[in-house]
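With chain G fixed as given, assemble chain B onto it according to the hints.
If you read the protein sequences in the order shown, they are chains G and B.
Per our numbering: the first sequence = residues 727 to 965.
Per our numbering: the second sequence = residues 727 to 965.
Calculated from the structure, these hints are not laboratory results.
Hints are supplied without guarantee of correctness; some may be wrong.
Identical chains share a label here; the pair holds if one copy fits it or two copies do between them.
[Claimed, not checked] Keeping only pairs whose Cα atoms sit at most 27 Å apart, straight-line, the calculated BS3-like set for lysine-lysine is:
#, residue 1, residue 2
1, K924, K893
2, K828, K818
3, K765, K924
4, K786, K828
5, K951, K893
Number of protein chains: 2
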Amino acid sequence: MTYCVAISLDEGLVFLADSRTNAGVDAVSNYRKMTIFQKPGERMMALMSAGNLAITQAVKHYLNHPEPDSPSIWNVDNLFDAAQVVGDAVRKVRDRDAEELKKSGIEFNISLIFGGQIQGQAPTIYQIYSAGNFIEVTAETPYFQIGEAKYGKPILDRVITRSTPLKEAAKCALISMDSTIKSNISVGLPLDMLIYPKDELAASHLMVIDEKNEYFKMIHEIWGKRLRQIFAEIDDPVW
Amino acid sequence: MTYCVAISLDEGLVFLADSRTNAGVDAVSNYRKMTIFQKPGERMMALMSAGNLAITQAVKHYLNHPEPDSPSIWNVDNLFDAAQVVGDAVRKVRDRDAEELKKSGIEFNISLIFGGQIQGQAPTIYQIYSAGNFIEVTAETPYFQIGEAKYGKPILDRVITRSTPLKEAAKCALISMDSTIKSNISVGLPLDMLIYPKDELAASHLMVIDEKNEYFKMIHEIWGKRLRQIFAEIDDPVW
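Only chain G is shown next, with the shape it has when bound in the complex (with noise of 0.2 Å):
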């Protein structure tokens, strides 16, 4: 499976991906999950996927080859049409395959995270369904999770608002993270995570966090222990 989530805030954007695909525990590998497209000064996008890996790669040909005078992520000048040309290759995708994939007793199943700036225009986040249609945040939900996200969902419930601060919001994207991995095998690291500060039209603070990384080696320590700590301070109940 897969863990991404995006956050979308009043100073940016953050996104953080898995890379662990699986098809059956015995073909466990790992892809990368987030794409970035850019022009730097112009435009900024990030892409993330969950669910069938052929799709994913179909998906991101198709917008990397688009047909000649027509738009593009490349050329639209707002983020809506941009997330327009994704469901439009996602549709491209689902109508060449997925009668196939129904043969094999494949569902077509696909979730995107699509979000990033415009020159002019507000950074925003959208998610893109297997119907090629989608949502984008709003200030009462300003994040997205696609492939397992429920482990992840009660501390980014807890924590986030479009004012916390881009920094805080990556931490709390690490622990959710971090959460996920600790409770299901088939989300592993490394991770991508791309915190990109509004108004820079590039993808400069993009890292990739392995089993090495300190920081997440720090909040994968402390944050269980604190966890356990602040768990043993509360009352046990009394019967």
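Then chain B, alone, in the frame of chain G:
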């Protein structure tokens, strides 16, 4: 949906169930998901259920109305045999209903947690599937969850071992439930909690926890607050 958790410890057993049932968001109501079967001093068994409510009620009917002169949860002398009786009741309901449910496009779907103690035996817990087969808790994984299990799994994974004291495990189950309720609207109060100290052979610590319960209110407030506090104390990432 539903969230139920049961924990098996050196000191005894903990059972916790929510009570929200829904058939679509416009048909939400409360049904108790925990049923106690006991002959104080001889046997104490608790059953918790997730999945189709009609199936659950039919299973309970068969448990309460055993065939004369056949094994029942009231006369078997160990909990494994009692779990088999429960599994047989599930199969009886399936034989009667599964085909008919299928005609309405409904899967025969039920998950049960069944545990307790019979005089002269160690207390234990089983998870019983739709097929009527079952698994028992082990030293490595001393808890079972059914229903909306993922939100509340990280805290169990971090805190619970076989040697966790009974009251601490009850506290952990309540925190696990609180996280689930916060992140999933289909799980809700009131809760039924049974704390069973080994060898009591009676359900003497059975609590209904509603909005007014001071301890659960405290957990709900303090846990969220302390989480945000330890979150704030961890250094932000540097890039």
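What label fits K828 with K818 when the C-alpha limit is 27 Å: within, between, both, or neither? Cα proximity of K828 and K818: one copy only (16 Å, versus 34 Å across).
Intra/inter-copy verdict for K951 and K893 if alpha-carbon distance must be at most 27 Å: Intra 22 Å, inter 20 Å, cutoff 27 Å: intra and inter.
Status of K924 relative to K765 across identical chains (alpha carbons, at most 27 Å): This pair counts as within: shortest intra-copy Cα distance 15 Å, inter-copy 66 Å.
Regarding K786 and K828, is the shortest C-alpha distance of 27 Å or less found within a copy, between copies, in both, or in neither? within (22 Å within a copy, 40 Å between copies)
Within, between, both or neither: K924, K893 at alpha-carbon 27 Å: Within one copy only: 13 Å inside, 48 Å across.
The structure fails none of the hints (numbered hints given earlier).
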